[in-house]
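Residue-level listing of the chains:
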Amino acid sequence: MLAESLFFSAVLFTVGVVGVLTRRNAIIIFMCVELMLNAVNLSFVAFAQVYGASGQVFVFFVMTVAAAEAAVGLAIIIALFRHRHTVNLSNINLLKG
Amino acid sequence: MMLLPHEAMLAASQLAAPAAHPLDGTVAGYVWLLPLLPLLGFLANGLLSVTSAAHFGPADPGAGHGPAHPSSPAPHAPSDHGAAGDDHHAVARHRHASLVSLIGPGVLVVAFGLALAIFFAMQGAGEMKAPFIQRYFSWMPVGDLNIDVAFQLDQLSMLMVLIITGVGMLILLFSVGYMRDDPGYPRYFAYLNLFVFFMLVLVLGSSYPLMFIGWEGVGLCSYLLIGFWFSEKANADAGKKAFIVNRIGDFGFLVAMFMMFANFGALDFTGVAAGASQLGLGSVLVTAICLFLFLGCAGKSAQIPLYVWLPDAMAGPTPVSALIHAATMVTAGVYLIARSNILFSLAPVACLVVVLIGALTAIFAASIGLKQWDIKKVLAYSTVSQLGYMFMGVGSGAYAAGMFHLMTHAFFKALLFLGSGSVIYAMHAAYHHTGSHDDAQDMRNMGGMRKYMPITWGLMWIATLAISGIPPFAGFFSKDEILGAVHARHAGSTLDGASLLGVPGGAIMMFCYVLGLAAAFMTAVYMTRMMLYTFHGPNRTGDRERDHLHEAPWIMTGPLVVLGALSAVGGWFNLPSFFPAGRVGALEHWLDPVVGDGALRFTNGAPVEVPASTEYLLVGIAIAIAVAGIALAFVRLKPATLVPKTDAPAEHGFERVLANKYFVDEIYDATIVEPVVATSRGLLWRGIDVGLIDGFTRLLIQSKDDDSAPGSSVQMGGLLTRAVGLVGSTLQSGRVGTYAWVLVVGMLFVLGAFTFR
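Those sequence lines, one after another, are chains U and X. If you use my numbering, the first sequence closes out at 101, no skipped numbers anywhere. If you use my numbering, the second sequence closes out at 760, no skipped numbers anywhere.
It is worth saying that the hints were derived from the structure and are not from the lab. Positions of the beta carbon are idealized from the N, C-alpha and C atoms, including for glycine. Do not rely on the hints blindly, as some may be mistaken.
Stated by the list, open to error - Cβ pair distances, simulated, as ranges: (1) A74/U to G28/X: 45 to 51 Å; (2) G461/X to I32/U: 50 to 56 Å; (3) G461/X to F64/U: 52 to 58 Å; (4) I82/U to G755/X: 20 to 26 Å; (5) A651/X to T26/U: 55 to 61 Å.
What the hints assert, rightly or not - Over 10 Å on every C-beta distance to chain U, these chain X residues come out as not near it, computed from the model: (6) V145; (7) G220; (8) P457; (9) T560; (10) V667; (11) V680; (12) V747.
With the hints as extra help, turn the sequences into a complete structure.
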């Protein structure tokens, strides 16, 4: 069971990484980051079945951080949209050296 | 489930073989099908919604490519939307719509049939003391915590399942007519199916966490459906308001669950009841748990102080108001208290709070209902008020009475909402015909609808008499039973023995009884007012529009007729002893195995004995008050003098306070919302962000232009910043994609270095 769960987690994580690398819509990239976080959560839970509950506790930390990150991230995206009328990241490149 | 080690799977399968139960081997074993059916309906309709988005017009009208939604929260005529004139889209849309109309209500018809079959199996099984629990798999095995996904079938959950699937089926059938021309038709049914799924999980779950899943799920669907026409900002805001206000209540529910687990070591209903029974009457722990649970109820079931979301929730389609915001979801709090009856029976102080809040809500909301002009707002405040009655019932330990009112209310309030939906449908169609933009929900624009919609008129009068408490309609029996129970327990009960903030419990119960009577009087007044202004007197819709007013199609009036019949005879489910026109107390007897022990504890183990003379007096008072309310409305209100909304004068004095809902929204805004916004803006943004962080950065940048003191530490800092910046700025291309690639390559490099070192 552990192997299957870890495999599933790896697949989810890869989907998330590929999404972040290939997509240009900020919201989709944001969702892919969430997917990666949850893939990690999944492996934490899977390990917790074998090595005790501390993995599950860690999942709650990840969820809390993810919730905070979602609040800040979405706020930034909304502010961005209001300002630029787009959430396409290829068009948002003012901050550069 | 995937993650379970084999031991836990084995343990779960051992648990799945319970002791012999009268329902073993009957159709009750298929209880899992009940929630599964609407879930499948959700998946099918959701899929149709996604695939048909092209035919039904854009799913996101805010995206700006396609025709805009008409803004009125009422059905749209076909010419308003869609890729107009395109035959291919029209045909595909029609085919999709037929499939959706088949699946959406269809799954509920099947589920209701199954629920009936299980109900008859339960009746055939004879006396059923223990609940029928089906375990499916272990959900959260962590340390001492072990939560199964298990469904619990007993008399209480069966009653709720019948209400949800039965009333839900009728409302979904009505929706087929009401929402037919809406561009979001498949999405609408997908959400409603999902709602029924979560609602069934809520009432069938055998533990608090599983119930909480349903609790949150229905909240989500409520949010989605309130904001169904989300392109209008007010509707989207109403959805957000409902969601956020409910979070406050959910906080209470969660804390209560934490306390249960910490002290009883269990979260399933049986385990918690067993743990609570070890505690003494009125212990601090159980009182705290009950109060936190009630905070959850106040959120979900719209009680003071968290009721403010429900009137705004009327922004959703009217059948949604009927199903979610009147008949089922908002009664979840009443169900929760009835389900936790063992806990509440041990906490008289918490019960006094429940009764008091219920009574205050009942009269407060009823008084607001007296001066509302929007027909749905009248019904919304009426719902809040009636929910207050239900809490008076379950709070005073009369669980059967509370659940009885929940059931009759589901009948007549669903009928009232669907009837008002029928009226709004007619009004909207008439305004649409002439291109008018008047308010289709304002009663000042209605009047005399009786002539155009006689069926709706007759059925709504049945519901009005039922909610006002006129015998022999359903509401009379249930409301009378609650008021009788509150009155009976003002002496000789555990509630009488307790006290709240120094006020003796007996006095509070008597006070609540009087409030309940006053609210019953107001109920009769505002309901009659609504009927008079909507259906009687001259018509104020407009001369051109008048010709287009007509009765809704049969797919809409059919469910109304069924609900009308139930509102008329619903009282027969639980007849009082003074009116033995059938089996007396059938529902009370049915619920006895679940709530009987808890209810008896309120009266110290003795059944409630009320002298016949007192009972006749109470019933007489109740009927007199209802009749007086209706009579007062007929005498005082003159629909003939009413003018359309646009010409109406402003209200003055106390009328203005009532019309503005006691300014509660404004008070909440000033005391809670504004300070939070001001803190964010003034302190966090202008103070910390702009003042502190930006100020510090500005200090660093300024130092490079400071040529007055060469070689000083400040200037060295500036040079260093510039040197680092030169390297950094070449890497900083401004393209986020490049950063992500660099990050991933770097991560792979580090991982590789660890793996192959």
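Hints versus structure:
1. A74/U to G28/X: 45 to 51 Å: The hinted range 45 to 51 Å holds for A74/U and G28/X, with Cβ atoms some 48 Å apart.
2. G461/X to I32/U: 50 to 56 Å: holds (54 Å)
3. G461/X to F64/U: 52 to 58 Å: At 57 Å between Cβs, range holds.
4. I82/U to G755/X: 20 to 26 Å: The hinted range 20 to 26 Å is violated for I82/U and G755/X, with Cβ atoms some 38 Å apart.
5. A651/X to T26/U: 55 to 61 Å: holds (59 Å)
6. V145: V145/X is in fact no farther than 10 Å from some Cβ atom of chain U, at 5 Å.
7. G220: holds (18 Å)
8. P457: holds (51 Å)
9. T560: Given that every Cβ of chain U is farther than 10 Å from that of T560/X, nearest at about 44 Å, it holds.
10. V667: The claim stands: V667/X keeps its Cβ more than 10 Å from every Cβ of chain U (closest is about 28 Å).
11. V680: Since the minimum Cβ distance to chain U is about 14 Å, V680/X lies beyond 10 Å and the statement holds.
12. V747: violated (6 Å)
In summary, the structure is inconsistent with hints 4, 6 and 12 from the numbered list given earlier, while agreeing with the others.
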